[in-house]
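Residue numbers (the numbering used here), protein chains in the order written: chain H, 1 to 465; chain V, 1 to 465.
The hints are simulated quantities; they were obtained by calculation from the structure and are not laboratory data.
Keep in mind that the hints are not guaranteed to be accurate.
Note that identical chains are pooled: a pair holds if it fits in a single copy or bridges any two copies.
To be verified - Subject to a maximum C-alpha distance of 25 Å in a straight line, what follows is the list of computed SDA-like cross-link-like pairs (lysine to any residue):
| no. | residue 1 | residue 2 |
| --- | --- | --- |
| 1 | Lys266 | Lys401 |
| 2 | Lys17 | Gln143 |
| 3 | Lys317 | Leu33 |
| 4 | Lys445 | Gln365 |
| 5 | Lys112 | Arg375 |
| 6 | Lys54 | Tyr124 |
| 7 | Lys397 | Val119 |
| 8 | Lys277 | Gln391 |
| 9 | Lys38 | Gly109 |
| 10 | Lys397 | Lys445 |
| 11 | Lys16 | Gln152 |
| 12 | Lys88 | Asp270 |
| 13 | Lys54 | Pro108 |
| 14 | Lys277 | Gln239 |
| 15 | Lys317 | Gln143 |
| 16 | Lys88 | Val77 |
| 17 | Lys17 | Ser126 |
Protein chains: 2
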Amino acid sequence: MSTKGLDYESLNENVKKTRYAVRGELYLRALELQMQGKEIILTNVGNPQALGQKPITFARQEMPLSPFLMDDPYVGVLFPADAISRAKHYLSMTSGGLGSYSDVGGLPGIRKEVAEFIVKRDGYPSDPELIYLTDGASKGVMQILQTIIRGQSDGILVPIPQHPLYSAAISLYGGSLVPYYLEETANWGLSIENLLQSVAEAHSKGINVRAMVIINPGNPTGQCLSESCLKEILQFCNQENLVLLGDEVYQQNVYQEEHPFISAKKVLMDMGPPISKQVQLVSFHSVSKGFWGECGQRGGYFEMTNIPPQTVDEIYKIASISLSNGCGQIILGIMVNPPKPADISYERFLRESNSILGSLRKRAQITTNGFNSCRNMVCNFTEGAMYSFPQTRLPPKACLKLLEATGICTVPGSGFGQKDGVFHLRTTILPAEEDMHAIMASFKKFNDQFMEQYEDAKAITGCQD
Amino acid sequence: MSTKGLDYESLNENVKKTRYAVRGELYLRALELQMQGKEIILTNVGNPQALGQKPITFARQEMPLSPFLMDDPYVGVLFPADAISRAKHYLSMTSGGLGSYSDVGGLPGIRKEVAEFIVKRDGYPSDPELIYLTDGASKGVMQILQTIIRGQSDGILVPIPQHPLYSAAISLYGGSLVPYYLEETANWGLSIENLLQSVAEAHSKGINVRAMVIINPGNPTGQCLSESCLKEILQFCNQENLVLLGDEVYQQNVYQEEHPFISAKKVLMDMGPPISKQVQLVSFHSVSKGFWGECGQRGGYFEMTNIPPQTVDEIYKIASISLSNGCGQIILGIMVNPPKPADISYERFLRESNSILGSLRKRAQITTNGFNSCRNMVCNFTEGAMYSFPQTRLPPKACLKLLEATGICTVPGSGFGQKDGVFHLRTTILPAEEDMHAIMASFKKFNDQFMEQYEDAKAITGCQD
Numbered sequence: 001m002s003t004k005g006l007d008y009e010s011l012n013e014n015v016k017k018t019r020y021a022v023r024g025e026l027y028l029r030a031l032e033l034q035m036q037g038k039e040i041i042l043t044n045v046g047n048p049q050a051l052g053q054k055p056i057t058f059a060r061q062e063m064p065l066s067p068f069l070m071d072d073p074y075v076g077v078l079f080p081a082d083a084i085s086r087a088k089h090y091l092s093m094t095s096g097g098l099g100s101y102s103d104v105g106g107l108p109g110i111r112k113e114v115a116e117f118i119v120k121r122d123g124y125p126s127d128p129e130l131i132y133l134t135d136g137a138s139k140g141v142m143q144i145l146q147t148i149i150r151g152q153s154d155g156i157l158v159p160i161p162q163h164p165l166y167s168a169a170i171s172l173y174g175g176s177l178v179p180y181y182l183e184e185t186a187n188w189g190l191s192i193e194n195l196l197q198s199v200a201e202a203h204s205k206g207i208n209v210r211a212m213v214i215i216n217p218g219n220p221t222g223q224c225l226s227e228s229c230l231k232e233i234l235q236f237c238n239q240e241n242l243v244l245l246g247d248e249v250y251q252q253n254v255y256q257e258e259h260p261f262i263s264a265k266k267v268l269m270d271m272g273p274p275i276s277k278q279v280q281l282v283s284f285h286s287v288s289k290g291f292w293g294e295c296g297q298r299g300g301y302f303e304m305t306n307i308p309p310q311t312v313d314e315i316y317k318i319a320s321i322s323l324s325n326g327c328g329q330i331i332l333g334i335m336v337n338p339p340k341p342a343d344i345s346y347e348r349f350l351r352e353s354n355s356i357l358g359s360l361r362k363r364a365q366i367t368t369n370g371f372n373s374c375r376n377m378v379c380n381f382t383e384g385a386m387y388s389f390p391q392t393r394l395p396p397k398a399c400l401k402l403l404e405a406t407g408i409c410t411v412p413g414s415g416f417g418q419k420d421g422v423f424h425l426r427t428t429i430l431p432a433e434e435d436m437h438a439i440m441a442s443f444k445k446f447n448d449q450f451m452e453q454y455e456d457a458k459a460i461t462g463c464q465d
Numbered sequence: 001m002s003t004k005g006l007d008y009e010s011l012n013e014n015v016k017k018t019r020y021a022v023r024g025e026l027y028l029r030a031l032e033l034q035m036q037g038k039e040i041i042l043t044n045v046g047n048p049q050a051l052g053q054k055p056i057t058f059a060r061q062e063m064p065l066s067p068f069l070m071d072d073p074y075v076g077v078l079f080p081a082d083a084i085s086r087a088k089h090y091l092s093m094t095s096g097g098l099g100s101y102s103d104v105g106g107l108p109g110i111r112k113e114v115a116e117f118i119v120k121r122d123g124y125p126s127d128p129e130l131i132y133l134t135d136g137a138s139k140g141v142m143q144i145l146q147t148i149i150r151g152q153s154d155g156i157l158v159p160i161p162q163h164p165l166y167s168a169a170i171s172l173y174g175g176s177l178v179p180y181y182l183e184e185t186a187n188w189g190l191s192i193e194n195l196l197q198s199v200a201e202a203h204s205k206g207i208n209v210r211a212m213v214i215i216n217p218g219n220p221t222g223q224c225l226s227e228s229c230l231k232e233i234l235q236f237c238n239q240e241n242l243v244l245l246g247d248e249v250y251q252q253n254v255y256q257e258e259h260p261f262i263s264a265k266k267v268l269m270d271m272g273p274p275i276s277k278q279v280q281l282v283s284f285h286s287v288s289k290g291f292w293g294e295c296g297q298r299g300g301y302f303e304m305t306n307i308p309p310q311t312v313d314e315i316y317k318i319a320s321i322s323l324s325n326g327c328g329q330i331i332l333g334i335m336v337n338p339p340k341p342a343d344i345s346y347e348r349f350l351r352e353s354n355s356i357l358g359s360l361r362k363r364a365q366i367t368t369n370g371f372n373s374c375r376n377m378v379c380n381f382t383e384g385a386m387y388s389f390p391q392t393r394l395p396p397k398a399c400l401k402l403l404e405a406t407g408i409c410t411v412p413g414s415g416f417g418q419k420d421g422v423f424h425l426r427t428t429i430l431p432a433e434e435d436m437h438a439i440m441a442s443f444k445k446f447n448d449q450f451m452e453q454y455e456d457a458k459a460i461t462g463c464q465d
């Protein structure tokens, strides 16, 4: 009997090869336990509001945006005047409000506000026509990778450890992931020698490297790239003719002063011509992270620098098949243009956002210290982003035991990539600040007891899957 | 000099080959004219609220859904009690409200409500675990096609004329579109002989047909498939081992009584075993159409019938890479579970929804009659969906002249596919009812004058691009 179109045997092999561990087996088991009434701490995904972070009020005051509310004389009872006038501002951008398809690439008024935000951040011009609004940053990353990848001999340089969005999307589109390893002992730094070696190795396998991904601040590794490092990367991309994909979704999540966030676009522009006119750069940002944490709204954008107009037309065409959602676009508009000092909502906005960032900074410290206090564990400080990625002797299967024993749902390091012979796990730093010490103590108890029992390294690595 | 990753010459050929006319050149020119102050009637896309359709109030009363509003003692001043309790119901489904990533496949509570809606509609069981919520129906269609298509020798049967989502997605994933022509003179009906011939023809080119698309009610053709026709299609799919993709997004848009909407799932279940347990069926629905018209919210779902569990696991995995947006899920929840007779909001809901559907029915008639009154035009009645697809002697380039002269933005029939030697255009029936007569008169004036001038058929077909 011949197989049917959706029988497993006859599916697209790229679909089958794709791996995405963040919401995999362990997560499904966690949901099962949750259904059974067990208290579960989901530290597998950077999903702040699911762990109790309150949304920024001003963002949510924009959500109603309905003509029926705008016309209600009592609207002022529930909403401050600046929220109402902002809602009117967004409504005036569209002919049908949130219910109508937006323009391809997103609402022009919001694309303009994104450009203004970038100009203010970097001090260089930004063209709204080269900014596309997307359903979160992931959808943008996927579109650009799909545009680049023609087949298995097209390689994409990806940092290891990485956010598995990259490995998954590259598999799905049938390309080749070319790993470059970050140096754990150098605070997850990268070296150009490593990059050159990765390119040479790929070349020897018949793979032509066409693009490079950076995640800054790093996910899952938490490091913030320095200006000089970004310069080296840009020179390298220029020399090797690589598109640089700059995943900068954690640009607001920085927990120290030594390495402030600096965008790849700014560094490129600082370098001046000819290089500033040569390197093809696509930069990504999102409403899901920062102090906004609006993951469920699916808002994001990408900005294209030095991309030929004919290619932009192709990107337009593919974006036109399926447009991005309106609520996500509005939240993005608010993220790039938050209340200003003269606005009624400013004080509340400042209080809420400072409180979230301040608390994340403390939680980054608690998490790092907690892991470093555990037997056989070592952990770099989370300079930025939302994760901790300690090196551990716990084997991946112990993550399941950890979940069952403590309710803590992590992701094994294998889901992000790691050097042969070393093991990690990833947690977020997102559980409520008041619970953090207890969670870290519960983790330490599990880890240290496990180590006590299986101190013999063989027994531990024998558990690897 | 070697080319860079995003130079046009080096892009993914499937991206370049993809065509999507609905928001193409003509639409861009329309936007340009609009910017210059010209009044433009965008009938190129089924985008009801952009043309003045008011959102259903109850749907929008759910949008705020913010903890800050739920806790406000004055919330009852602006929102009716049933809207507030429904908002609390949705909030209780998530641990972080709209701001957190939903479960893969969507919020379980809403998937359950979708299943109940399907049970009520069809009279057969429906499993929430086999229902996935998506950013509009398009994203679901794209995911399923990507799962099926392995390469150029995989064929997908698509009706011609078709919604270009199908041709675009099949190109993008590198498969082959296998056309089956609908019979314009038989009210856009389809015949099994045609289908068999299409499959045989594909086979002779080395293409293995693996799935079949039906659009019911039809886009752009407006016909509603009869029960006996659906039975024949299902028998055909069973015999040929094809997955059936049932695009049923217009199931609420039916403007006559002779051919009511009937779902492919119900017909399949009515047929009983063994066939009811054999045909692999994926059915799609959306919040963008019906009387909801919430295109910008990007809400939709697909239901899988007879799909092997191992394949469902693969679909889960790919869906887990990038989740669908929360607002779209909520609107979908309201669509499948609207206010009931005992609810405070019921009367208003009934008034609004009846008024929209009643008016669409009148507009379907005005449009059909209008086109049939034009020189050298003939047009089937819009039994369902939101479009009119008249046969015309106007060449595609005249669509641009029509736009410049009258402000009416249509899409040439070539964007949807048509038999050699005949030409069509697609308009929506969505302009406001009170403007419809004037718009049709303006169209008729343009058409009849054009025909007068270029009556010689050679001159007309000479304009083809």
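Hint by hint, here is what the structure shows:
1. Lys266 x Lys401: Intra 45 Å, inter 45 Å, cutoff 25 Å: neither.
2. Lys17 x Gln143: Cα proximity of Lys17 and Gln143: in one copy and across copies (19 Å, 15 Å).
3. Lys317 x Leu33: between (44 Å within a copy, 20 Å between copies)
4. Lys445 x Gln365: within (19 Å within a copy, 73 Å between copies)
5. Lys112 x Arg375: neither (52 Å within a copy, 45 Å between copies)
6. Lys54 x Tyr124: Neither way: Lys54 and Tyr124 sit 34 Å apart in one copy and 41 Å across, limit 25 Å.
7. Lys397 x Val119: neither (47 Å within a copy, 41 Å between copies)
8. Lys277 x Gln391: Close neither inside one copy (41 Å) nor across copies (50 Å); limit 25 Å.
9. Lys38 x Gly109: Only across copies: Lys38 and Gly109 sit 19 Å apart there, 46 Å inside one copy, limit 25 Å.
10. Lys397 x Lys445: within (17 Å within a copy, 74 Å between copies)
11. Lys16 x Gln152: Both ways: Lys16 and Gln152 sit 15 Å apart in one copy and 18 Å across, limit 25 Å.
12. Lys88 x Asp270: This pair counts as neither: shortest intra-copy Cα distance 38 Å, inter-copy 51 Å.
13. Lys54 x Pro108: Close across copies (22 Å), not inside one copy (29 Å); limit 25 Å.
14. Lys277 x Gln239: For Lys277 and Gln239, the Cα distance is within 25 Å only inside one copy (13 Å; across copies 58 Å).
15. Lys317 x Gln143: both (11 Å within a copy, 18 Å between copies)
16. Lys88 x Val77: Both ways: Lys88 and Val77 sit 17 Å apart in one copy and 20 Å across, limit 25 Å.
17. Lys17 x Ser126: neither (38 Å within a copy, 30 Å between copies)
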